[in-house]
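> Full structure from sequences and hints, please.
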Amino acid sequence: MKKLLFLAMTMLSTCFMSAQIMKEIPGLRYHAMSENGKWMLSVDNGYIGILNTETDELQEYCDGVTTLGMGNMVTNDGFLVGNIDGAPSILDIEKKEWKQLPVKKGDTYSSANAITNSRKYIVGYIGNSNGFGNTTIEPVIWTMNSDGTYADYEKLPYPEKDFTGVAPQYILPNCISEDGTVIGAQLVRQDNECLPMIYKKAEDGTWTYEVYDKGLCEEGTEFPEFPTEEPIVPSYYDYLSQEEAGAYKQDSTEYADSLWAYTIGESTQRPTYYPDPKYYMTEENLNMYNEAWDSYLTLSDEYSQKLMNFRSFYYEHVTPNFYTMNGVWLSTNGKYYATTCKKGWEGTIGDAALLTVGKTSELYDYKDGLSGYCVTNDGDFFVSDAGTAYVYPANSKEKVTLIDWLRSKGETEAADWLSDKETGIAICSGDGRVISGYFGAAGIYDSWLIKLDGTPTGITGIEQDGNSHVKAYDLQGRIVAEGEYNEVRNNLKRGIYIINGRKVVVK
Numbered sequence: 462m463k464k465l466l467f468l469a470m471t472m473l474s475t476c477f478m479s480a481q482i483m484k485e486i487p488g489l490r491y492h493a494m495s496e497n498g499k500w501m502l503s504v505d506n507g508y509i510g511i512l513n514t515e516t517d518e519l520q521e522y523c524d525g526v527t528t529l530g531m532g533n534m535v536t537n538d539g540f541l542v543g544n545i546d547g548a549p550s551i552l553d554i555e556k557k558e559w560k561q562l563p564v565k566k567g568d569t570y571s572s573a574n575a576i577t578n579s580r581k582y583i584v585g586y587i588g589n590s591n592g593f594g595n596t597t598i599e600p601v602i603w604t605m606n607s608d609g610t611y612a613d614y615e616k617l618p619y620p621e622k623d624f625t626g627v628a629p630q631y632i633l634p635n636c637i638s639e640d641g642t643v644i645g646a647q648l649v650r651q652d653n654e655c656l657p658m659i660y661k662k663a664e665d666g667t668w669t670y671e672v673y674d675k676g677l678c679e680e681g682t683e684f685p686e687f688p689t690e691e692p693i694v695p696s697y698y699d700y701l702s703q704e705e706a707g708a709y710k711q712d713s714t715e716y717a718d719s720l721w722a723y724t725i726g727e728s729t730q731r732p733t734y735y736p737d738p739k740y741y742m743t744e745e746n747l748n749m750y751n752e753a754w755d756s757y758l759t760l761s762d763e764y765s766q767k768l769m770n771f772r773s774f775y776y777e778h779v780t781p782n783f784y785t786m787n788g789v790w791l792s793t794n795g796k797y798y799a800t801t802c803k804k805g806w807e808g809t810i811g812d813a814a815l816l817t818v819g820k821t822s823e824l825y826d827y828k829d830g831l832s833g834y835c836v837t838n839d840g841d842f843f844v845s846d847a848g849t850a851y852v853y854p855a856n857s858k859e860k861v862t863l864i865d866w867l868r869s870k871g872e873t874e875a876a877d878w879l880s881d882k883e884t885g886i887a888i889c890s891g892d893g894r895v896i897s898g899y900f901g902a903a904g905i906y907d908s909w910l911i912k913l914d915g916t917p918t919g920i921t922g923i924e925q926d927g928n929s930h931v932k933a934y935d936l937q938g939r940i941v942a943e944g945e946y947n948e949v950r951n952n953l954k955r956g957i958y959i960i961n962g963r964k965v966v967v968k
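Using the working numbering, the letters of the sequence shown map in sequence onto residues 462 to 968.
Hints are computed from structural coordinates only; laboratory data are not their basis.
There may be inaccurate statements among the hints.
[Unchecked claim] Straight-line Cα separation of at most 16 Å, EDC-like style, residue types lysine to aspartate or glutamate; simulated pairs:
(1) K804 with D829
(2) K662 with E686
(3) K566 with E615
[Said to hold, decoys possible] Pair by pair, the computed Cβ-Cβ distance ranges are:
(4) N506 with M769: 47 to 57 Å
(5) A855 with T569: 38 to 48 Å
(6) Y764 with P732: 33 to 43 Å
(7) A855 with T604: 29 to 39 Å
From the three backbone atoms N, C-alpha and C, an ideal C-beta is built for every residue, glycine too.
Structure (C-alpha cells):
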C-alpha cells in the first residue's frame, strides 16, 4: 500500500483571535470530520485524504484499495475505520498504522463503518457467499478488549424478510451513538432500494431493531413468490474426460492465436475450424449435456417468469418512497436519524427526512427538494441543495440559511465570516459547535471549518493593553516579530498577521 505524508503548504487559513476558529481549506472536498473538528476527511476514486486541522498536515492514501467507513468513522484522538481491499480495518492516524479487525473463514468483502469516540465499539458489515435472493451483507459489531485489541465480531439481528416477504439483500450499519446503544442502519432490498433501520441495545446487552417501512403499500398486501434459486448453466467440463478437456483447451488456444495473428495482419489466412466443446464429447455425454441444457432453459424460463410476475405486481402496488444508500447521519446522543427520501422509481426526486428515535420511531418528510446531511443532539437538521446550506431549527418545519441559523445562536462573527462564501453542503458536531462544509465541483472543490469554541492553535500570550509593546503572529501561530507596534508593523513582509488580537493585512 502506497502511503504519502506531506505538509499542505498551499493551504490558506484565516483565523480570528476571538474564542473561535474560522478556516478556509481550498482544493479538496472534506465531507466528514471528527466531533472536535481536529480531523477532516476527503475521499475520491482511489484516494483518501486525512487533514489535521491543527497542524495543516495532510496524510494521503492513494493505493486504490483503502476505503473509508460510511458513518462517524473517525475519533477525536485520531482513529479511523474503513477497510483495506475488503478487510475491515482501523487506522492509528498519528502512527500511520492500519490493523485488521477480526473476521472469520469464509467472510467475503467487508468493512467497518463507524466507531465510538471511546473506541469501545465499531460497527460494520461482513460479506458472505450467499446467492441472489438472499442476504449477502450482514451487520456486525466489534467490542474492544481491556488490552486495546478487538474481540471477534458479534452479528446483529435482522429481519429474514422485508415487507414484501423477500430476504433483504444487505443490512448496512452506518452510524453508532456515542454511548454505543443506538445504531443507524439501512435495510437494502434486492433491487437496491433502501429503508431506514434503527438498532437499540437493551440493558441486558441484547439488540432489537426497527425498520421504517410505513406507507409503502396497503396493509395486508400479499406479494407473489420471489425466486431465490437461480438456475445454473451446465458446464461443458462436466461432460468431458480429462483427455477430452485437454484437447479442447489446446485447440481453443491455437484457434485464438491464429485469429489474433489474422486480425493484426501477421497472417493472411483466417482460421476455419472453431473448437466447439461439444465436438469433443462422446455421443453418450453429448446427449446428457443436451438434456441438461434443455432442462436449464426450462428452469430459466420459469425463473424469469416468476421474477417478472413479482416485479410487475411490486411496481403496481408499492409507493416508491425509499432512501439514499449510505445517506445516514445519527446524532451522537442517538435521538435523531437524518436522511434523504428518494421518491419515484428513478430516485431522482429527493426530500430531506428526519426520524425521531423512540419506542416507535417517527419520520417527518420535509418535502422540500433538498438532501438531509446531519443533525445535532438538539434536533437542528442540516440540509442543502448542494449550493446553499440550510438548517431546520429543532421542532421547526421552516428552514433558514446556515448563516441566519448562526445569527440566531448569537454567533454573528462566524455568520459574518461565512456570508461572503458559498456555504454548499455543511455538517456539524453533535453539539453544533463545530461546523464544516464544502462547495464546488470535481477538481475545483473548496472546504471550510468553523470551531465556535476553538482557540487558534499555538497563538497565546496576546498583548491586549495597547500598542506600546506587541507580538505579531503568522497564521500558523508562530511569533514572527516582537517590539514597539510601529516598528513591528513597518517591518513585516507582505501577508496576513495577528497583532493585538486583530487581523492585520500587510500589502
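> Hint by hint, note whether the structure agrees.
For each hint, the structure was consulted:
| no. | hint | result |
| --- | --- | --- |
| 1 | K804 with D829 | holds, 12 Å |
| 2 | K662 with E686 | violated, 34 Å |
| 3 | K566 with E615 | holds, 15 Å |
| 4 | N506 with M769: 47 to 57 Å | violated, 35 Å |
| 5 | A855 with T569: 38 to 48 Å | holds, 42 Å |
| 6 | Y764 with P732: 33 to 43 Å | holds, 37 Å |
| 7 | A855 with T604: 29 to 39 Å | holds, 33 Å |
Against the hints set out earlier in the document, violations occur for numbers 2 and 4.
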